[in-house]
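Let the hints inform the model, and build the full structure from the sequences given.
Take a look at the letters that make up each chain.
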Amino acid sequence: MTEIEVVVNGQRHREAVEDRLLLTDFLRQRLGLTGTHVGCEHGVCGCCTVRLDGVAVRGCLLLAVQADGCEVQTVEGLAGSGPLTALQEAFRRHFALQCGFCTPGILMAAEDLLSRGTPTRDEIVDLLSGHLCRCTGYAPIVDAIEEAAAGALPPADEPRPEGT
Amino acid sequence: MGTATARETRASWVGQSVPRLEDEALLRGRGRFMDDLDPVPGAAHAAIVRSQLPHARITVDASAALDAPGVVGVLTGEDVRALSRPFPAGIDSPVPFYAAAVDVARYAGEPVAVVVARTRYEAEDAAELVEVDYDPLDPVLDPVAASETDACVHDRSFHYGDVDEALARADLVVHETFRFPRFSCTPVECYGVVADWDEAAGSLTAWANFQGPFTLHGVAAAALGLRGSRFRLLTPPDSGGSFGIKSSIFTYVVLIGLAARKLGRPVRWIEDRVEHLLGSASSTQRVTTVEAGFAHDGELLALRYDAIEDVGAYVRAPEPATLYRMHGSLSGAYTVRNVAARNRVVLTNTLPSGLNRGFGGPQLYLPLERTMAIAARRMGLDPADVARRNLVPAEEMPYRTPSGALYDSGDYAACLQQALELSGYERRRAEAAAARADGRLLGVGIACVVEPSISNMGYITLTQTAIERAQALPKSGNAEGALVTIDPLGGVTVRLGTTPQGQGHRTVCAQVVADELGIEPGEVTVLSEMDTQTVPWTVSSGNYSSRFSGVAVGAVQRAAAQLRAKVDAVREHLEEPELSLRRVAGSVHWNPAGLPEGMEPGLSVVAYWSAPNLDPPDAEDRVASSAAHGFIADVCAVEVEPETGEVRVLDYVTVHDAGRLLHPALADGQVLGGFAHGAGAALFERHVVDEWGNPMTASFVDYVTPTAPDLPTPRIGHRSTPSPFTALGAKGIGEGNTMSVPAAIANAVADALGRDDVELPLTAPRVWELLQRPPEGGGR
Amino acid sequence: MKPVPFRYVVARSLEEALAALAEGGDDAKPLAGGQSLVPALNLRLLRPELLVDLNRAGLDGIVRENGSVRVGATTRQAELERSPHAHPLVREALPFVGHVVTRNRGTVGGSVAHADGAAELPLCLVALGGEVVAEGPDGRRTFPAEELFVTHYTTTLLPGELLVETVWPAPGGGERSAFEELALRGGDYALAMAAAVLRHDQGVIREARVAVGAVTDHPTALAEVEALLVGNAPSDELAHEAGALAATLVDPAGGIHATPAYLRHLTGVLVERAIRRAT
Ligand code: FES
Ligand code: FES
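Each protein sequence line maps, in turn, to chains A, B and C.
When we follow the working numbering, the leftmost residue of the first sequence carries the number 1, and every step to the right adds one.
When we follow the working numbering, the leftmost residue of the second sequence carries the number 1001, and every step to the right adds one.
When we follow the working numbering, the leftmost residue of the third sequence carries the number 2001, and every step to the right adds one.
Be a bit skeptical, because a hint or two may be false.
[What the hints assert, rightly or not] FRET-style restraints, in silico, Cβ to Cβ: (1) Arg116(A) / Ala1200(B): 40 to 50 Å; (2) Gly2067(C) / Arg1032(B): 54 to 64 Å; (3) Ala16(A) / Arg1032(B): 27 to 37 Å; (4) Gly1042(B) / Glu5(A): 50 to 60 Å; (5) Pro1577(B) / His13(A): 20 to 30 Å.
Read the hints as simulated data drawn from the structure, not as lab findings.
For every residue, glycine included, the Cβ atom is placed at its ideal position computed from N, Cα and C.
And the structure:
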């Protein structure tokens, strides 16, 4: 058991953990932050991606003890209790999620990418090579990230019932 | 906008791409998936010990594991035998199928024991201490060889028209064998079960990310020896994809239920990815030999299939349904009247098959559409002309196929034309021919497929002869229930038994209800969590055979319409036609004495809807296997890199007629997803076992699913011919491309290579190997 | 899929790391980026008793000096990818290393020391004639990378010794390089890969390094191919001949995705392409 101190989504936590505990299990089971998903635990699917001191990393490939003294951001920390971020809004507008299981990991990786500048479409596609989505065929996800990267959001075009 | 006005102008939310109700929570990480739930505090964690060999007599000694730290107990195959019965299935099979291996393990990955401990970590530690003694037996791996042995557990033949006569007068007979490989749609969320056994009541309550069909609830209850009412099955509100695969979780619900029963405490099991690839489910593997006769002008005169269906180690319900789901559509989209099929089911020492997107469609259309392309090539005809020559004409709708399906509506030729135009087919064919003349390998392929949706619960009885069927309870139809409630403040809630896994059922139901009640979709609360004790359901409930938009929507609409009628009657009675829904609700709830004479109190309706055109199979083995039939025409252009064998999809066009689209963006999402799974099967995915039956694809490193750079994006077109047989005219759309894409890509690659013997998956190394061999069955 | 129990210590310096590894002996494992190690832990393919975390030992950093670039062991792959000092060959190869997110965490030294026969960075280091710096109980030594790799996951590092730095020669005058890889899908393990580093002078190839990986159990420079190239004017024919020769020099085992024949052939194709592009 090792005592660790981690700031997760701005909140400080002090916990004693077994050395072998994976960061994903720590976040999900100890802190109840179940937005970080687990799809393979061997580094392929990307569902577990969180930001460690701002950098997108695989949560399943980190031990909780390694996060000692670090800041972790999970999907719950993106919008907090405020409105959705531009990226999240773009996902919604583009129907870039179906089951939504892959979504948190992709959001965290994409937020990191966007924080480094404006990626090209190819760079977005390349980013997504590290994330499995079995529902969407990826194209809507690429569109959503590209739109968020461009920054300019099209005017809200709220559907109204036809015939009114 | 007053509610009455909206209704009068027939305002419609249905048909619009409204934002999804599901998304806000999912985007915030506040979805509730199986492993996010903690429904029974104090559940212990299970790890499953699995057979390391594909076929062996086993003896299990769990004593060392019992002494390990944190261990609560161990369930073995012996316990499973003592506490449960074998699972029933659609056909009798000589090998009893229990939730864990009893005496003999029949595939590598089959559960052998369940170790339960305080944490998953400790459970895995202890699982390593369970000693399994293996006495190896010869594995059966080759389905063709198995078909000649007692591993063949089902053999039925079907005849419609006169195939022999038609083949005899054909100008060309194509006689080829096609293999469809075993693949899995691999949802990104794995299986999960929490089971709580109540000893006093003798009942099991289980939470699982099960997807239906709820026929399997009965199968699990039978294995548990419980009445259905003593087996309460609940699903979480969100499920991380399924594509059929999570239907097969029912055997694990039983297994973990038995562990909870034996150990006297609730047990939680979350499958990991290796377990998923070893022990969940896959598609069937099918070897089909086709004999097809054509007239010189391309008319398809006769079709004979000889299908060997490999369902893996056990016939797991609802198998052998993969083989019969498409039975009414054996003739595909074509007018051929002479059709015959021999269906054999074989057991091999591999992962048992189950529902998997497309379910039988990919396995049927690969041989059929390859045959059409081969015939065109051999006769020197344009494949599009051959298709056109044979497509069921619009004026013959509704069209009864020889094997009994009733194709409801659509103009197949117009749909194909649209796809050809959208793809620039003529130009692409010319370009490909010119490039080939230059030594490059370009090709164009098409596929025309009928996409059935809403399965007839009776089709599986085709495994029996007509005489056997006559002695049993007839099975037919496909029904769904829904509950719509208006609370005293006018809030509207819908409960569903469709166990969605990402398709957006909640959104569409809200659209439907909003239309009926004259409110906005965002005002409707839709609960998608299933509970067999409180949600209205039927044996056919669940999320499969693309039945949601046809059947479930029918039930929801019917319930909402009945409520609206009641609301309107109250308004009329109160002589206040503009009274708001909230006021009406308040009035009904608070003042039952003021209701119109004879009106039932309450504002809650359960309604059911069943497809009207699904009779049991007839005495001639004809069956309307599905209620609605969409049509898809695909055009695919590829280039093969001869140096490396890489296949590049240059363009992919898919034009659908799925009837009325209730939510066009969600429909396109289903097309894209179905395409991705079809392209995965065509180009990448396959379960591989080595010559001894050891699984070689038990991680996401080895089981290769496509990622963003690997997948082309199809260009989508739509036509819309409503189905006369569904409530709103919608047809299923989520499986069609998984059926069509493997065939279209295979056709394009065959065209590029000028040979007939292409085999899936078309990975670079396999295509290159093919190029090193002389063609079988003829080349250009 | 959870690791076996182990003890974990954070090394705050190289000395601490070496001391901890010495204490742990054979059952200790250094942990760098963990992008290969932790999957192996989760799958219980590795069962160490002690993990020594190097991430805080101050072993990262990229320094350019005397015509070469020294890259600290725990420098993230992403950092090297963005560094102006990265050799063009490395910059070309790095996008093939895992994915953006794994490169954020994965380290250069970890990848080299892990010695996966299908890893890109070891191949580049060998192709460039780079060096590795190791430090252990008996002190520090620097030696050619080619002498590091033995076979899959096996190096000549001594017990208790840590790879602390890799040394990458900077591009010389007239040098051109190219990296080629084919995998079944983007970001996956390579089926085969090839690197070519050629120095041209007055239309003639003066020096050549050609190395292949994934089809061999460790990154392998193909001396015969190099000999074929040196002294000749580059041409498509020469590249083709070199590729054909390369294909005869490897003996890949093959696997579920590809036969030995394919992998041999592919090696030839990739070597040919790399040489052409390095011309
Ligand atoms: S769970 Fe971490 S990459 Fe799949
Ligand atoms: S939305 Fe389901 S896996 Fe991506």
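Verification of the hints:
no.	hint	verdict
1	Arg116(A) / Ala1200(B): 40 to 50 Å	60 Å, violated
2	Gly2067(C) / Arg1032(B): 54 to 64 Å	59 Å, holds
3	Ala16(A) / Arg1032(B): 27 to 37 Å	28 Å, holds
4	Gly1042(B) / Glu5(A): 50 to 60 Å	29 Å, violated
5	Pro1577(B) / His13(A): 20 to 30 Å	58 Å, violated
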